[in-house]
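Sequence lines, in order, name chains A and B. Going by this note's numbering, 131 is the number at position 131 of the first sequence; the sequence numbering is gapless. Going by this note's numbering, 1140 is the number at position 140 of the second sequence; the sequence numbering is gapless.
No lab work stands behind these hints: they were computed from the structure. Be a bit skeptical, because a hint or two may be false.
Quick list of simulated restraints, FRET-style, between CB atoms [claimed, not checked]:
1. A:GLU219 <-> B:PRO1197: 40 to 48 angstroms
2. A:ASP71 <-> B:GLY1177: 49 to 57 angstroms
3. A:ALA274 <-> B:GLU1221: 48 to 56 angstroms
4. B:GLY1177 <-> A:HIS3: 29 to 37 angstroms
Covered by chain A, per the in silico footprint, the following chain B stretches (three or more residues, Cβ under 8 angstroms) [stated by the list, open to error]:
5. 1104-1110
6. 1204-1212
7. 1217-1223
8. 1226-1238
Capping the alpha-carbon separation at 25 angstroms, the derived lysine-lysine pairs in DSS-like fashion look like this [what the hints assert, rightly or not]:
9. A:LYS76 <-> B:LYS1146
10. B:LYS1224 <-> B:LYS1165
11. B:LYS1224 <-> A:LYS76
No experiment lies behind these values; they were computed from the predicted model shown. By construction, the Cβ of each residue, glycine as well, lies at the ideal position given by its N, Cα and C atoms.
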Amino acid sequence: MIHVENLTYAYPTGTGPALRGISLDVPEGQFLALVGSNGAGKSTLCYALSGFVPHFYNGDYTGRVVAAGHDVGNTKLGDLAGEVGLVFSNPFNQITGACYTVREEVAFGLENLGVPREEMILRVEDAIEMAGLGGLGDRSPYALSGGQQQRLAIASVMVMNPRVLILDEPTSQLDPVGSREVFELLDSLSRNGGATVVLVEQKLEWIAVHADRVIALHEGQILADGDPRGVLASAEVERMGVGSTRYTQAARRFRRREPKEVDGILPVTLEQAAEYLGP
Amino acid sequence: MTSSLSLYAPRESGLHRLHPLTKLTSALLGVVAGIALPGVWPNYAVFLLLLVPLAAWARVLPDFGRVVIKIALPFALSLFVIQGLFWTGGTPVVEIGPLSFKAEGLYFAAKTTGRILVVMGSITLFVLTTRPDQLMIALNQRGIPKTFTYVLVSAIQLVPRFQAKANAILDAQRARGLETEGGFVQRIRALLPVSIPLVLGSIVDVEERSIALEARGFSHEGPKTSYQVLVDTPIQRVARPVMMLGAVALIVGAIFVW
């Protein structure tokens, strides 16, 4: 579903490449999490997968990105919309400003794609329900809480039935309640499958449970790539500023104290920790 | 925060239900009528016998009255005082000490006030009863590019948010000890720490909103559809060109007849 081949990219105003020789393949339906410290290239990679790099940001671009069957570098943004969906951190800036109700906001993308109205009505209602915004359809998007606005942003993209959904830190600007609301929605997205999902997220405990695969980026390069436990329990990944889950930290402290008691790969989830530290 | 620059007053009324282009055309006719009608009384008649009843029918009379008074009253007062007192020559009708109001000046003020009432009243009635996004759809359906109409409609909703952001920055800088009160120099000095984060933040906002719009297929080529249905009727389809002809007739009348 996603194929990236030796991608190197530098922003026009940047001091050096934001991405260096990235190559990866993401099969259909996979839930991939990207982790990394600030400036690691996570957002840039999201923009590259959705076509905003190079079409929106320009800059020096070499390599090849194929997403949902489109050669991203040679496909117009308007043609990628609907195939590759992008949600980013600021919910407020994702509201179009041209719609007066939640329903119309969700329908905005379908209107641009020329979807017939009868079909649009059904898809809008489904997306609103999926996002847990039922009953708020006639409300102004500006009258919603941050968490509701972010779920609206996700619904507005999901309604277009993208084959690839990219979420760039969708909870980073939300309060704890708003974050929980969005995570509940992401929970159902990961359970229901369907679209291939690429998620940038700092909440490692959530990633450890829900992601199929984790890629750690550092200074524009892939530092580690594998299953959540293999990547998130890695001491090198932690050292590069990614951090680690509270279960990994607890197990590491325990191992330091009782070196003979436990061994093997550190846990990254509660279940793994129970098994790791268990009797 | 739900405020918007739009004056639209949501009500259930026949005027609200009219097609946005019908209302736009009638507002245009009102503006032309306000400027072109001769004498004093025709404009007052249009205002009192047509616009006010229409506002009542649309259930927006209090909003209509508020907006018209707020805009027309200061104009009217200054017109009557200045034109009445300083009309050169003319016939004095009221004398208060050394001041005398001239009949010709008062006539001119009354005529101009009538024009303002009809022009402002027509526009006010239009914006009170027309949702900007529906006007955008109607204009898009007539071939006006979506980029153009989007800028207009989004500005109505986004400018108040921009103001809120400016206030938040102002409060944040005050909390850091920035003096924003005082003399002219003090205020100018305070402008920089407020305007720089505002401008830079707004550039980021615009960039992010552009990305969000593109992700929703804003530049997708091909025919667009609309979620909202704008009801148009045969009578309205006839009424619009008739009103346009009426506007042309008024212009011709103003130039060649009266």
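Going through the hints against the structure:
no.: 1; hint: A:GLU219 <-> B:PRO1197: 40 to 48 angstroms; in the structure: violated (29 angstroms)
no.: 2; hint: A:ASP71 <-> B:GLY1177: 49 to 57 angstroms; in the structure: holds (54 angstroms)
no.: 3; hint: A:ALA274 <-> B:GLU1221: 48 to 56 angstroms; in the structure: holds (55 angstroms)
no.: 4; hint: B:GLY1177 <-> A:HIS3: 29 to 37 angstroms; in the structure: violated (54 angstroms)
no.: 5; hint: 1104-1110; in the structure: violated (count 0)
no.: 6; hint: 1204-1212; in the structure: holds (count 6)
no.: 7; hint: 1217-1223; in the structure: holds (count 7)
no.: 8; hint: 1226-1238; in the structure: holds (count 4)
no.: 9; hint: A:LYS76 <-> B:LYS1146; in the structure: holds (18 angstroms)
no.: 10; hint: B:LYS1224 <-> B:LYS1165; in the structure: violated (33 angstroms)
no.: 11; hint: B:LYS1224 <-> A:LYS76; in the structure: holds (17 angstroms)
When held up to the earlier numbered hints, the structure conflicts with 1, 4, 5, 10 and fits the remainder.
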